[in-house]
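Participant: Assemble the whole structure, with the sequences as input and the hints as a guide.
Chains as they are written, first to last, in my numbering: chain A, 186 to 302; chain B, 25 to 137.
What the hints contain is simulated information worked out from the structure, not anything from laboratory work.
All values derive from a computational prediction rather than experimental measurement.
Heads up, some of the hints might be wrong.
Said to hold, decoys possible - Computed cross-link-like contacts, DMTMM-like style, restricted to lysine to aspartate or glutamate with a CA-CA straight-line distance of at most 25 Å:
1. Lys27/B with Glu290/A
2. Lys237/A with Glu269/A
3. Lys225/A with Asp123/B
4. Lys76/B with Glu290/A
5. Lys27/B with Glu252/A
6. Lys93/B with Asp35/B
7. Lys129/B with Asp35/B
8. Lys76/B with Asp281/A
9. Lys237/A with Glu290/A
10. Lys225/A with Asp35/B
11. Lys27/B with Glu186/A
12. Lys225/A with Asp106/B
13. Lys76/B with Glu55/B
14. Lys225/A with Asp281/A
15. Lys129/B with Glu238/A
16. Lys27/B with Asp281/A
17. Lys27/B with Asp91/B
18. Lys129/B with Asp270/A
19. Lys129/B with Glu229/A
20. Lys76/B with Glu90/B
21. Lys207/A with Asp281/A
22. Lys129/B with Glu290/A
23. Lys93/B with Glu55/B
24. Lys204/A with Glu290/A
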Amino acid sequence: ETGVTQTPRHLVMGMTNKKSLKCEQHLGHNAMYWYKQSAKKPLELMFVYNFKEQTENNSVPSRFSPECPNSSHLFLHLHTLQPEDSALYLCASSQDIRTGKGDTEAFFGQGTRLTVV
Amino acid sequence: DAKTTQPPSMDCAEGRAANLPCNHSTISGNEYVYWYRQIHSQGPQYIIHGLKNNETNEMASLIITEDRKSSTLILPHATLRDTAVYYCIVRVYSGGGADGLTFGKGTHLIIQP
Numbered sequence: 186e187t188g189v190t191q192t193p194r195h196l197v198m199g200m201t202n203k204k205s206l207k208c209e210q211h212l213g214h215n216a217m218y219w220y221k222q223s224a225k226k227p228l229e230l231m232f233v234y235n236f237k238e239q240t241e242n243n244s245v246p247s248r249f250s251p252e253c254p255n256s257s258h259l260f261l262h263l264h265t266l267q268p269e270d271s272a273l274y275l276c277a278s279s280q281d282i283r284t285g286k287g288d289t290e291a292f293f294g295q296g297t298r299l300t301v302v
Numbered sequence: 025d026a027k028t029t030q031p032p033s034m035d036c037a038e039g040r041a042a043n044l045p046c047n048h049s050t051i052s053g054n055e056y057v058y059w060y061r062q063i064h065s066q067g068p069q070y071i072i073h074g075l076k077n078n079e080t081n082e083m084a085s086l087i088i089t090e091d092r093k094s095s096t097l098i099l100p101h102a103t104l105r106d107t108a109v110y111y112c113i114v115r116v117y118s119g120g121g122a123d124g125l126t127f128g129k130g131t132h133l134i135i136q137p
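Facilitator: Structural data, given as structure tokens:
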């Protein structure tokens, strides 16, 4: 248990469906991240949120839409995905060092295994 | 792109020390060396990080060369549960803000019984 919880753990969706991935952290962190891990490829950073504001978008297609309503919750809304979007989606959180508290190591959730059919 | 080079795979006997090398010849003066590992089908787990001094915690030791161009992660008494992909990452620690991690392909460490 890392303190970062992702739901669902597994998701199968059609290309015309709309679904959302949820991430919740109970560590008091203020930064949250979405990563994508495709088969046989390194983890890729998708989005970064710091104090609820999106600070980084790594050229992610618009069919992936993140939402961060507060520092503890992060969503990834999915619509009209393609089969090549099938992957393990990982959420992580960390502390912004500028707060003067804690360290900057990232804590990851267990991931959502997404299959697009 | 990842700024580190690691062997794609390594074997180690259970109970022995596992020494995982990492080359980071272009590391900058303000960049730290971080190690994470990912056990199959789980999220990555932080192990240790350091700047230039050797570091040790309950999980592992980190040895950084004097010129900082390479480092070695040491798992002192490897167990079967240490079988995982180990990632060496260089990143800026200070300077504030939240920035993501750039992962390479890592080293797949297999602990043999």
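Participant: Please go over all the hints and tell whether each is borne out by the structure.
Facilitator: Outcome of the hint check:
Under the criterion of a C-alpha separation no larger than 25 Å, the hint pairing Lys27/B with Glu290/A is consistent with the structure, at around 18 Å. With a CA separation close to 29 Å, the supplied pair Lys237/A and Glu269/A exceeds the 25 Å bound. Restraint check for Lys225/A and Asp123/B: the C-alpha separation of about 24 Å stays at or below 25 Å, so the hint holds. Proximity of Lys76/B to Glu290/A is assessed by CA-CA distance (about 17 Å); at most 25 Å being required, the pair is judged to hold.
The suggested pairing of Lys27/B with Glu252/A is violated, with an alpha-carbon distance near 30 Å, which exceeds 25 Å. A hinted pair counts as satisfied when its Cα atoms are at most 25 Å apart, and Lys93/B with Asp35/B qualifies at roughly 24 Å. Restraint check for Lys129/B and Asp35/B: the C-alpha separation of about 17 Å stays at or below 25 Å, so the hint holds. In summary, the hint linking Lys76/B to Asp281/A is supported, as the alpha carbons are separated by about 22 Å, within the 25 Å threshold.
With a C-alpha separation of about 19 Å, the suggested pair Lys237/A and Glu290/A falls inside the 25 Å cut-off, and the hint holds. Taking the CA atoms of Lys225/A and Asp35/B, the gap is near 20 Å; set against the 25 Å cutoff, the hint holds. As the CA atoms of Lys27/B and Glu186/A are separated by approximately 30 Å, the hinted pair breaks the 25 Å bound. Of the pairs offered as hints, the one joining Lys225/A and Asp106/B holds, with about 20 Å between alpha carbons and a cut-off of 25 Å not exceeded.
Distance hint between Lys76/B and Glu55/B is fulfilled; the C-alpha atoms sit about 10 Å from each other, no more than 25 Å. With a C-alpha separation of about 31 Å, the suggested pairing of Lys225/A with Asp281/A is violated against the 25 Å cut-off. Taking the CA atoms of Lys129/B and Glu238/A, the gap is about 30 Å. The hint is violated against a cut of 25 Å. The hinted pair formed by Lys27/B and Asp281/A meets the criterion: a straight-line CA distance of about 23 Å does not exceed 25 Å.
Straight-line distance between C-alpha atoms of Lys27/B and Asp91/B comes to about 16 Å, which keeps the hinted pair within the 25 Å bound. With a C-alpha separation of about 19 Å, the suggested pair Lys129/B and Asp270/A falls inside the 25 Å cut-off, and the hint holds. Between the alpha carbons of Lys129/B and Glu229/A the distance comes to roughly 11 Å, so the proposed pair stays at or under 25 Å and holds. Note on Lys76/B and Glu90/B: the hinted pairing holds, with a Cα-Cα distance of about 7 Å set against a maximum of 25 Å.
Between Lys207/A and Asp281/A the CA atoms are separated by roughly 21 Å; this keeps the pair inside 25 Å, and the hint holds. Restraint check: the Cα-Cα separation between Lys129/B and Glu290/A comes to about 19 Å, which is no more than 25 Å; the hinted pair holds. For the given pair, Lys93/B sits about 11 Å from Glu55/B by alpha-carbon distance, which is consistent with the 25 Å threshold. Between Lys204/A and Glu290/A the CA atoms are separated by roughly 30 Å; this puts the pair beyond 25 Å, and the hint is violated.
This entry does not satisfy hints 2, 5, 11, 14, 15, 24, going by the numbered hints stated previously.
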